[in-house]
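Number of protein chains: 2
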Amino acid sequence: MSNDIFGVIKKDLALLETELLASMVSPVELITEIGTHLVKSGGKRLRPALYLLSARSGPVFDAKRVMPLAAALELIHMASLVHDDVIDHADMRRGTLTANAKWGNQVSILSGDYIFAKAFSLVAGNSYDSRITTRLSELVCDLSSGEIIQNRGIYVAARDIEAYYGRIAKKTANFLAVCCEMGAIVSEMDEDTMHRLYTYGYSIGMAFQITDDLLDITSSKKKIGKPAGNDILQGIVTLPVIRALETSPDKQELEAIITNRGMTEEMLQRALEIVKESDGITFAQGRADSFLETARKSLPGTLPEKIRQAYCKAADFIGHRDF
Amino acid sequence: MSNDIFGVIKKDLALLETELLASMVSPVELITEIGTHLVKSGGKRLRPALYLLSARSGPVFDAKRVMPLAAALELIHMASLVHDDVIDHADMRRGTLTANAKWGNQVSILSGDYIFAKAFSLVAGNSYDSRITTRLSELVCDLSSGEIIQNRGIYVAARDIEAYYGRIAKKTANFLAVCCEMGAIVSEMDEDTMHRLYTYGYSIGMAFQITDDLLDITSSKKKIGKPAGNDILQGIVTLPVIRALETSPDKQELEAIITNRGMTEEMLQRALEIVKESDGITFAQGRADSFLETARKSLPGTLPEKIRQAYCKAADFIGHRDF
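Taken in sequence, the protein lines are chains A and B.
With our numbering, letter number 108 in the first sequence gets 108, and the count goes up by one each step, no holes.
With our numbering, letter number 124 in the second sequence gets 1124, and the count goes up by one each step, no holes.
Each hint should be verified, as a subset may be incorrect.
As the list claims (entries may be wrong) - Label-pair distances were calculated between CB atoms; the ranges are:
1) B/Ala1163 - A/Glu305: 38 to 48 angstroms
2) A/Gly95 - B/Ala1256: 34 to 44 angstroms
3) A/Ala163 - B/Thr1302: 41 to 51 angstroms
4) A/Ala157 - B/Arg1159: 51 to 61 angstroms
5) A/Glu293 - B/Lys1011: 55 to 65 angstroms
6) A/Thr282 - B/Gly1095: 12 to 22 angstroms
7) B/Gly1104 - A/Pro227: 40 to 50 angstroms
8) B/Thr1018 - A/Thr282: 29 to 39 angstroms
9) A/Met92 - B/Gln1309: 53 to 63 angstroms
No lab work stands behind these hints: they were computed from the structure.
Beta carbons are placed, not taken as given, at the ideal position from N, Cα and C, and that holds for glycine.
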């Protein structure tokens, strides 16, 4: 992804890898080991990339000041994934062993804490605008409260689309929005451009999460690395399911399955079938497309052309991804 | 504790409770519920108290600026305890149910993350000196790496006293040191006074942790709320044991027990007996006393008399506590 779409900030992204590895070096060997494993396990670097595109668009660019925050954004994402994997008992992520699979839950919880704190430490040491530190801490509050809301709502046949949007906004969209906004802050853009970039990030974030939730239903294990229906199995009710609970002729059967904590493989397959036969998939796809449309329209006309193209390509990518 | 020793900052500590409760109010009901439970479960408020004493000693005192950091320090302590309780599978703390016992591990991990982030958010919103945000994030790095070191060293017959000191410095002493130092920063004290207060905090912190480790061996379930020998049972090797591994005639038997992950109650009792019969207890007590002596000597002569007395009483308390 990053090579094709983010070619314009290729050098920044290469520098980011160095920053990330450097930030994980600790006198405590095990921390260095875990941190290096996590950094090298890869990831799309979507959050720092969105930030860097924005940081490259304003009147001011100072790499030395810009890069620590880029690393901090990825570290926050990384730390939250480490804790998510503990919570979900996940063994694999991006084709490699998770920290909890490799080092156990206890060390993983502590490593996640360490990485969160390291992110704040990178920012604290570089005297950023107070808006940056405020956004960054609120971001982590949002991330964890989004997960708490999700966690509390499992195996409940929710029909509230607004609540779903609220949850994925906290979990995903807000993060991407803040990345774009922060780039605008460090590059000293005007307020209007900043707000437009925020809206762009928020909208692709919503589309990104809806697509993620869609793929969990439509994709195969081969493509996404986990069996289809994983969310339903964990009791997480996403947009296509919420829609099917409203419109499917088999909605009562669907409700009985998704609220059953003792769901069997057969029941799961039947739930997937009901959702796929309903208009849940096209409905969710339509919502994702609509968010992407908002994202494209929000892009400020004043952006450097190559940056604008990269942002457009990121939106296209999210609209078409099938993994 | 706080009433007797910290009478001079009684009003500040009352205000702190209000700040703490206010900081835990969230639109997500469950977060408010957990946060309120944690704040109301009490605690000595030792960290913010040390900070407030120091903040009350310099030429500048602005309650509105001082209090958010006091709350942040307690929140960081609280978040780390929430994660510790998940890691230790602890059901009770301070006579009430732990968050993991009440709401499960998943929500507790996320709540801990939320509370850490909320602490940073309180500080970010009040444009403190950059030394404050730097210290605060490094503090959380130290806390988690101290726990990681401890976690990796379990069921190992360590004999390295310096490594033990390094570990408890990260886990406890550094936190108390930074509390005193931060008060000096916000009240704009001179460098020398600030360093002296840092040393005071560090030294009582070392004494505090050594005493804690001692009590785990010498105290009863009734007094500390958990059975004696809990550390040994969990494979955590503390100062009295390290000493006994050097000097006890039964050191080989002790080593065999403390490195045994299948330790029985009978073996644990025998290990406690060996440590108590050795000079491990008096040795550790001597080290704690020596740190307290350093703490008292470090107190700047320029402190307001009532504050100096409070700091002295805190040191006396740590020296004499039996719970």
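So, going through the hints one by one against the coordinates:
1. B/Ala1163 - A/Glu305: 38 to 48 angstroms: violated, 58 angstroms
2. A/Gly95 - B/Ala1256: 34 to 44 angstroms: Since the Cβ atoms of A/Gly95 and B/Ala1256 sit about 43 angstroms apart, the hinted range of 34 to 44 angstroms holds.
3. A/Ala163 - B/Thr1302: 41 to 51 angstroms: violated, 57 angstroms
4. A/Ala157 - B/Arg1159: 51 to 61 angstroms: holds, 59 angstroms
5. A/Glu293 - B/Lys1011: 55 to 65 angstroms: Holds: the Cβ-Cβ distance is about 56 angstroms, inside 55 to 65 angstroms.
6. A/Thr282 - B/Gly1095: 12 to 22 angstroms: violated, 56 angstroms
7. B/Gly1104 - A/Pro227: 40 to 50 angstroms: violated, 25 angstroms
8. B/Thr1018 - A/Thr282: 29 to 39 angstroms: Taking Cβ atoms as reference, B/Thr1018 and A/Thr282 lie about 52 angstroms apart, which means the hint is violated.
9. A/Met92 - B/Gln1309: 53 to 63 angstroms: holds, 59 angstroms
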